[in-house]
Amino acid sequence: MLDQLALLGAGLANLFDPLNFSMILLGLTVGILAGALPGITMLNAIVLVLPFTYLMEIVPSLLLMTSVYCGGVFGGSITGILFNIPGDPMNVPTTWEGFQLNKKGFVSKALGMAIMCSAIGGFLSALVMTVASPPFAKVALSFSSCEYFAVVFLGLASVVVIGTRSIGSALISLFIGLFLATVGMDDIYGVPRFTFGSRIMETGINFTTVLIGIFAIGEVLDQLSQKKKEGEIGRVRPKTTLPRLGEIWGLRNTILRGLGIGTVIGAIPGTGATVASFVSYGVEKQVSKHPEKFGTGVWEGLAASETSINASTGGAMIPLLTLGIPGSGATAVMMGAFLLHGIQPGPLLFSKSPEAVYTIFVGMLVCNLIMILAGLITAKFFSELMRVPENILSAFIISFCLLGAFALRNDMTDVWFMIIFGIVGYLMRRYDLPSPPLILGLILGPLAERYFLTTMIGCGNDWTIFFCRPVSGALMVISIGLLLMPFLRGLLKKGKKEVSTQ
Amino acid sequence: MGQNNPEGTRKNTVRNIKSLSGPILIFFLALFFFVLAGTLDENPMEGQLGPFFWPKSILILLMLSCGFKVLESFKGFGKGVADSGLEGPPIQVQTGKLVAMIVMLLAAVACMEMIGFPLCNFLFLLLFMRVAGLKKKSYLLILSGLGTILLLYIFVKVVYLPLPKGRWFFTDVTIFLYRFLHII
Numbered sequence: 001m002l003d004q005l006a007l008l009g010a011g012l013a014n015l016f017d018p019l020n021f022s023m024i025l026l027g028l029t030v031g032i033l034a035g036a037l038p039g040i041t042m043l044n045a046i047v048l049v050l051p052f053t054y055l056m057e058i059v060p061s062l063l064l065m066t067s068v069y070c071g072g073v074f075g076g077s078i079t080g081i082l083f084n085i086p087g088d089p090m091n092v093p094t095t096w097e098g099f100q101l102n103k104k105g106f107v108s109k110a111l112g113m114a115i116m117c118s119a120i121g122g123f124l125s126a127l128v129m130t131v132a133s134p135p136f137a138k139v140a141l142s143f144s145s146c147e148y149f150a151v152v153f154l155g156l157a158s159v160v161v162i163g164t165r166s167i168g169s170a171l172i173s174l175f176i177g178l179f180l181a182t183v184g185m186d187d188i189y190g191v192p193r194f195t196f197g198s199r200i201m202e203t204g205i206n207f208t209t210v211l212i213g214i215f216a217i218g219e220v221l222d223q224l225s226q227k228k229k230e231g232e233i234g235r236v237r238p239k240t241t242l243p244r245l246g247e248i249w250g251l252r253n254t255i256l257r258g259l260g261i262g263t264v265i266g267a268i269p270g271t272g273a274t275v276a277s278f279v280s281y282g283v284e285k286q287v288s289k290h291p292e293k294f295g296t297g298v299w300e301g302l303a304a305s306e307t308s309i310n311a312s313t314g315g316a317m318i319p320l321l322t323l324g325i326p327g328s329g330a331t332a333v334m335m336g337a338f339l340l341h342g343i344q345p346g347p348l349l350f351s352k353s354p355e356a357v358y359t360i361f362v363g364m365l366v367c368n369l370i371m372i373l374a375g376l377i378t379a380k381f382f383s384e385l386m387r388v389p390e391n392i393l394s395a396f397i398i399s400f401c402l403l404g405a406f407a408l409r410n411d412m413t414d415v416w417f418m419i420i421f422g423i424v425g426y427l428m429r430r431y432d433l434p435s436p437p438l439i440l441g442l443i444l445g446p447l448a449e450r451y452f453l454t455t456m457i458g459c460g461n462d463w464t465i466f467f468c469r470p471v472s473g474a475l476m477v478i479s480i481g482l483l484l485m486p487f488l489r490g491l492l493k494k495g496k497k498e499v500s501t502q
Numbered sequence: 001m002g003q004n005n006p007e008g009t010r011k012n013t014v015r016n017i018k019s020l021s022g023p024i025l026i027f028f029l030a031l032f033f034f035v036l037a038g039t040l041d042e043n044p045m046e047g048q049l050g051p052f053f054w055p056k057s058i059l060i061l062l063m064l065s066c067g068f069k070v071l072e073s074f075k076g077f078g079k080g081v082a083d084s085g086l087e088g089p090p091i092q093v094q095t096g097k098l099v100a101m102i103v104m105l106l107a108a109v110a111c112m113e114m115i116g117f118p119l120c121n122f123l124f125l126l127l128f129m130r131v132a133g134l135k136k137k138s139y140l141l142i143l144s145g146l147g148t149i150l151l152l153y154i155f156v157k158v159v160y161l162p163l164p165k166g167r168w169f170f171t172d173v174t175i176f177l178y179r180f181l182h183i184i
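For the record, the sequence lines run as chains A and B. So the first sequence is numbered by this note's numbering: it starts at 1 and just counts up by one. So the second sequence is numbered by this note's numbering: it starts at 1 and just counts up by one.
Derived from the structure by calculation, the hints contain no laboratory data. Keep in mind it's a predicted model, so treat the numbers as computed, not measured. Think of the CB as a built atom: it goes at the ideal place given N, C-alpha and C, for glycine as much as any other residue. Treat the hints with care, since some could be wrong.
What the hints assert, rightly or not - Pairwise CB distance ranges (calculated):
id: 1; chain 1: A; residue 1: 103; chain 2: B; residue 2: 106; range: 42 to 48 Å
id: 2; chain 1: B; residue 1: 106; chain 2: A; residue 2: 478; range: 22 to 28 Å
id: 3; chain 1: B; residue 1: 184; chain 2: A; residue 2: 226; range: 23 to 29 Å
What the hints assert, rightly or not - Cross-link-like lysine-lysine pairs, in silico, DSBU-like; alpha carbons within 30 Å at most:
id: 4; chain 1: B; residue 1: 165; chain 2: A; residue 2: 380
id: 5; chain 1: B; residue 1: 97; chain 2: B; residue 2: 56
id: 6; chain 1: A; residue 1: 380; chain 2: B; residue 2: 56
id: 7; chain 1: B; residue 1: 165; chain 2: A; residue 2: 103
id: 8; chain 1: A; residue 1: 104; chain 2: B; residue 2: 97
id: 9; chain 1: B; residue 1: 157; chain 2: B; residue 2: 97
id: 10; chain 1: B; residue 1: 136; chain 2: B; residue 2: 97
id: 11; chain 1: A; residue 1: 104; chain 2: A; residue 2: 352
To be verified - Here are a few chain A residues that face chain B, going by a calculated C-beta distance under 7 Å:
id: 12; residue: 8
id: 13; residue: 56
id: 14; residue: 168
id: 15; residue: 189
id: 16; residue: 191
id: 17; residue: 195
id: 18; residue: 381
id: 19; residue: 403
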């Protein structure tokens, strides 16, 4: 314990080296900006900064990358709240609540709440990472594809809480998303599916194009095609107001749930922040006394999603540092940085390079605190855009989206997909078909299929295996409970009504 | 509501039938893909589910969901989660403007490879802002021009994105523009 404290102290001293500290500031700025721009993801940003670390020492280079990581997962929330354009799929649940809060006139507070919840989630998960890395990683290592499937299934089951007005519509939307995810080359057997002979279709439908299309293009078409009264057209410039301590205290249970879900799911390799934010949002809606208000601008939904996203960063570092297993794309690139500097992440890292490990620990703690300031500055910069009239801003948003979609693979097919899904997104709004379950299906579909088929191959197609193992069994029961909850609630309501009429 | 008000009941039924058109269309599309998956399905390895097991299962579930939606519309179950009466007044849509915007989007993507990104984006911004309601010609020209140049600097000069340069004569125009702006 004393050794740990001494190493933390040394890490803290290391951190205030001017180069190390400036790397944190630079990384946060790059990460938040990259996360906020649609089409440029946090992962892109980490990959882009990787070559700059060649000439650096291991500590500043890892601090740069971890701060890009921490800033990047938060950045997408800013444009989500301001313009209904989530920078990354993980920011989708934040956008559902944040943009509605913006519409209600709480944009400054929504931005402030997002910043604070991200910082709290990230800071506390970094603390958990520091204290509980080794035992945590052992548990995650015992997970097989069976448990992974159960975790993803839990994420998919949250569709019933995402579906706002009708479960039927939500399920249709989810299964369309799951089906679209099957287009392209099959991962397990290497067989092309529904590609109609097109080579570009073999790589599948990129969910970022669908995401940009449905949310950004759909939103622009929806907003501009509506007849508005004169008073509705003016735009305001929002400030960013940090929430008061009492307001955060009021959301303590939500934040703690988000922290737990984010850290645990982040630590499971292959899941990451996206699954964490969807599951956290879904759980929050289930435990809420007013689940019907979710999707209309609810603070709990925003806080749950934001806390879990940043909490997953600490969680994701645990298997990387202690076992050498990258849990996500971002940590995989970071593992590349370790290897570039001749360091092999894993149990031996703690004995061979303890100063590097503990500087990363302290770096992540401090990084999440500085993020409050960096978040405020970046949010202010993006808020300035709100002063621009809608007709100008919309045209530029579409231009950015066209470029964002093209930048994914330098291919016009993605741009076509984005436009088509933009029109689909608009029609879905008009016909009351919720778009979030479609996105959920598209993102989690490939993971669900891979883990399901791997499990089936491994256990002779015996599906009861999901219920026989303790962790997966518990998760499956919770998921089925989530799926049945609306019907049980309906029955309970009916029963109560009948009793009261008698 | 419907029982005491025959007009309301009729309106509800019409709305239900209208809302069913989507699920029915999706049902038949799912059926088409299910049949297609059946024809594409290769013999899986002995004892394995094969590459089309997952999409076929999803399509069956999709068709069942469409059936569920139909039942939901008439029986009213499944609405327990959140039919909270939160929907506002009906939204009035400017159909002409909407169609114009969609046509412009499709035209922009179709023309981008032909006339190159700079010219295409300039024209798109100009026309889109005009349709969206910006009337001042000087604003339109300046914003479209400066906006395009800014995007070119960010995405071509900084990010090195190989944006479409166009075909035939337009390639030369784009390259001339890049050189003029010191982008390449």
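Quickly compare the C-alpha distance for residue 157 of chain B and residue 97 of chain B to 30 Å and report which way the hint goes.
35 Å, violated
So if I understand the rule, the pair passes when the alpha-carbon distance is 30 Å or less; does residue 104 of chain A with residue 352 of chain A pass?
54 Å, violated
Holds or violated: residue 165 of chain B to residue 380 of chain A, with C-alpha atoms at most 30 Å apart:
Since the Cα atoms of residue 165 of chain B and residue 380 of chain A sit roughly 35 Å apart, the hinted pair is violated (cutoff 30 Å).
May I ask you to test the interface hint for residue 403 of chain A with respect to chain B, counting a Cβ-Cβ separation under 7 Å as satisfied?
5 Å, holds
Using 7 Å as the Cβ threshold, decide whether residue 381 of chain A counts as touching chain B.
Status violated, d = 15 Å.
Supplied distance hint 42 to 48 Å, evaluated on CB atoms of residue 103 of chain A and residue 106 of chain B:
29 Å, violated
So if I understand the rule, the pair passes when the alpha-carbon distance is 30 Å or less; does residue 165 of chain B with residue 103 of chain A pass?
Judged against 30 Å, a Cα distance of about 39 Å means the pair is violated.
Does the nearest C-beta of chain B fall within a distance shorter than 7 Å of the C-beta of residue 8 of chain A?
39 Å, violated
Lying within 22 to 28 Å: is that true of the beta-carbon distance residue 106 of chain B to residue 478 of chain A?
For residue 106 of chain B and residue 478 of chain A the Cβ distance comes to about 45 Å; the hint is violated.
Classify the hint on residue 168 of chain A as holds or violated, based on whether any CB of chain B lies nearer than 7 Å to its CB.
3 Å, holds
Run the distance test for residue 380 of chain A versus residue 56 of chain B: straight-line Cα separation, threshold 30 Å.
Roughly 48 Å separates the two Cα atoms, so the pair is violated.
Does the beta carbon distance between residue 184 of chain B and residue 226 of chain A stay inside 23 to 29 Å, or does it fall outside?
42 Å, violated
Consistency note: the structure conflicts with the earlier hints numbered 1, 2, 3, 4, 5, 6, 7, 9, 11, 12, 13, 17 and 18.
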